[in-house]
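In case you want the letters, here they are:
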Amino acid sequence: MFRLMPKETAYFDLFEKSAKNLIQAAQLLEETMKDYGRIQENANRLERIEHEGDQITHEIMAKMNRTFITPIDREDIHQLASALDDVLDFIEAVTERMVLYKIPRVTPQAQQIATVIRRQAEEINKVIPRLREMNHATIMEHCIEINRLENEGDRLLREAVVQLFDGGGNPLDVMKWRELYDLLETATDKCEDVAVAIEGIVLKNA
Amino acid sequence: MFRLMPKETAYFDLFEKSAKNLIQAAQLLEETMKDYGRIQENANRLERIEHEGDQITHEIMAKMNRTFITPIDREDIHQLASALDDVLDFIEAVTERMVLYKIPRVTPQAQQIATVIRRQAEEINKVIPRLREMNHATIMEHCIEINRLENEGDRLLREAVVQLFDGGGNPLDVMKWRELYDLLETATDKCEDVAVAIEGIVLKNA
Amino acid sequence: MFRLMPKETAYFDLFEKSAKNLIQAAQLLEETMKDYGRIQENANRLERIEHEGDQITHEIMAKMNRTFITPIDREDIHQLASALDDVLDFIEAVTERMVLYKIPRVTPQAQQIATVIRRQAEEINKVIPRLREMNHATIMEHCIEINRLENEGDRLLREAVVQLFDGGGNPLDVMKWRELYDLLETATDKCEDVAVAIEGIVLKNA
Chain A
1 MFRLMPKETA YFDLFEKSAK NLIQAAQLLE ETMKDYGRIQ ENANRLERIE HEGDQITHEI
61 MAKMNRTFIT PIDREDIHQL ASALDDVLDF IEAVTERMVL YKIPRVTPQA QQIATVIRRQ
121 AEEINKVIPR LREMNHATIM EHCIEINRLE NEGDRLLREA VVQLFDGGGN PLDVMKWREL
181 YDLLETATDK CEDVAVAIEG IVLKNA
Chain B
1 MFRLMPKETA YFDLFEKSAK NLIQAAQLLE ETMKDYGRIQ ENANRLERIE HEGDQITHEI
61 MAKMNRTFIT PIDREDIHQL ASALDDVLDF IEAVTERMVL YKIPRVTPQA QQIATVIRRQ
121 AEEINKVIPR LREMNHATIM EHCIEINRLE NEGDRLLREA VVQLFDGGGN PLDVMKWREL
181 YDLLETATDK CEDVAVAIEG IVLKNA
Chain C
1 MFRLMPKETA YFDLFEKSAK NLIQAAQLLE ETMKDYGRIQ ENANRLERIE HEGDQITHEI
61 MAKMNRTFIT PIDREDIHQL ASALDDVLDF IEAVTERMVL YKIPRVTPQA QQIATVIRRQ
121 AEEINKVIPR LREMNHATIM EHCIEINRLE NEGDRLLREA VVQLFDGGGN PLDVMKWREL
181 YDLLETATDK CEDVAVAIEG IVLKNA
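Chains as they are written, first to last, in our numbering: chain A, 1 to 206; chain B, 1 to 206; chain C, 1 to 206.
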């Protein structure tokens, strides 16, 4: 017997699983920035969450490569799964690098940007389940909010970089923080890529 | 009534609009490097041009997602539109970063590389309108010139980086310029990506 | 007369040529790290190998754009050819940058990472010929080994970066090595991308 429906909803299940995993990671990043004493413990937890995310991504890609007919265009499945995976990778990279670089304390801007990323992840977590019914207006609202947050993150990052170079810190510390801000910026950018992938799907299917 | 033709030329119109926007940005970058006193004013203008570019890119992508039949392969439209958008983003990023980093003056190499980028943008602006008639020989000539200019830019960037590290500047200034040269290099690389996208289109359609 | 077979094997021939070119480059990188006195000579040789690689990649892409039916999905051909090209580019960038930055001697970690890259290239060189018969089990074994080596490279790179920032070197030297480690890391990542592309092909065709 050839059943099409179970396969069709499986992608949506996997994307939701991926988004739930992502919001956990983003909350943990925000908590770490607020309660920096737990950096080592949280970095370890984030590493496990990131592995879990890798497995979900792998499952989506494998399913896509095995099946001929997909409920969403293959290229869109690929784009969305990759973007979700990338956000997670960059969130995890931030805490890993903070441990490696023995960063003694966080900056206020890093805290604020982590909050922006957590709010973007929340929007992603809200919008992904809406792909099942493809409600154009609701989905676009969340995507616009993700983009607005990316602009807010950009503004914070510009502020942070100005302070970093004006602050008279020693060059090695400036180098480390320049890299950390770059990772945070890329995380917010990748959230925007998630929104772009979702917009593409909605425009094709609405 | 179903009219196919107006839709078919619309992509070419939008790509030309995108290329015209790009040449404006590239000219402004070159002018800024020659008359650095106008950096703040020109950075603001470039920000507006970049927003305009975002809208054109968005229009191309939205049209592609809404229409079933396209005059050029969808993946090629996507690749060309993204590459054009990327060049613009990196040109804008250079002036934005120069303002943020309070760069007091430009280096001769930065001037020369900006000229290379302006010349690449001119080639792009000449070659894009040729996509309408798909004249293989003419189009390839411009693409080869874009690649030749990328090699010239590469040579200048290598020189610039050698001088930067040999120059005995303070580490924070070296860090800032290393980043600026990286943005300039990526701008020339993205021009080459435009040429690669165009070559792909021509090979399929000629 | 319409002959399909010669065209079908041509892609496999080109991918094997690309993999053979890559293993030469990776061996040369490893040798350079062990016998650093030959850096200038080897950097020149690597530049020629990289040009040769560009031509093979160009040949694959041009063939793909000219032909309508391909033995492997076009997107997969594109992904595999690009990933192979990227590994080569980053290997070449390492030696080019070492010359530009006048690096006087190599670190033990750079040596070890170069060995990891050479072993990844060897796996790639073994697995590519297996695409002809699409033997799922054998191919996956090599892909898993490429990924395992990437994890080993990651561990070495983390160690290297910790020592770099703890080592009390002068900031400009730290900056140069931070960049070199980044290039080495990207080379191992791109080897993993080759494995991902190959896995995708096998899952679709096995």
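Heads up, a few of these hints could be off.
Stated by the list, open to error - BS3-like cross-link-like pairs, simulated, lysine-lysine; straight-line CA separation at most 30 Å:
(1) C:126 - A:20
(2) B:102 - B:34
(3) A:204 - B:17
(4) B:102 - B:204
(5) A:204 - B:102
(6) A:34 - A:126
(7) A:63 - C:102
Unchecked claim - Beta-carbon label-pair distances, calculated as ranges:
(8) A:36 - B:52: 37 to 45 Å
(9) C:66 - A:34: 33 to 41 Å
(10) C:137 - A:134: 52 to 60 Å
(11) A:70 - B:40: 27 to 35 Å
Honestly, the hints are just simulated from the structure, not real lab data.
Glycine included, each C-beta is placed from N, C-alpha and C at the ideal position.
> For this structure, which hints from the list above don't hold up?
Replying inline: 1, 4, 5, 7, 9, 10, 11
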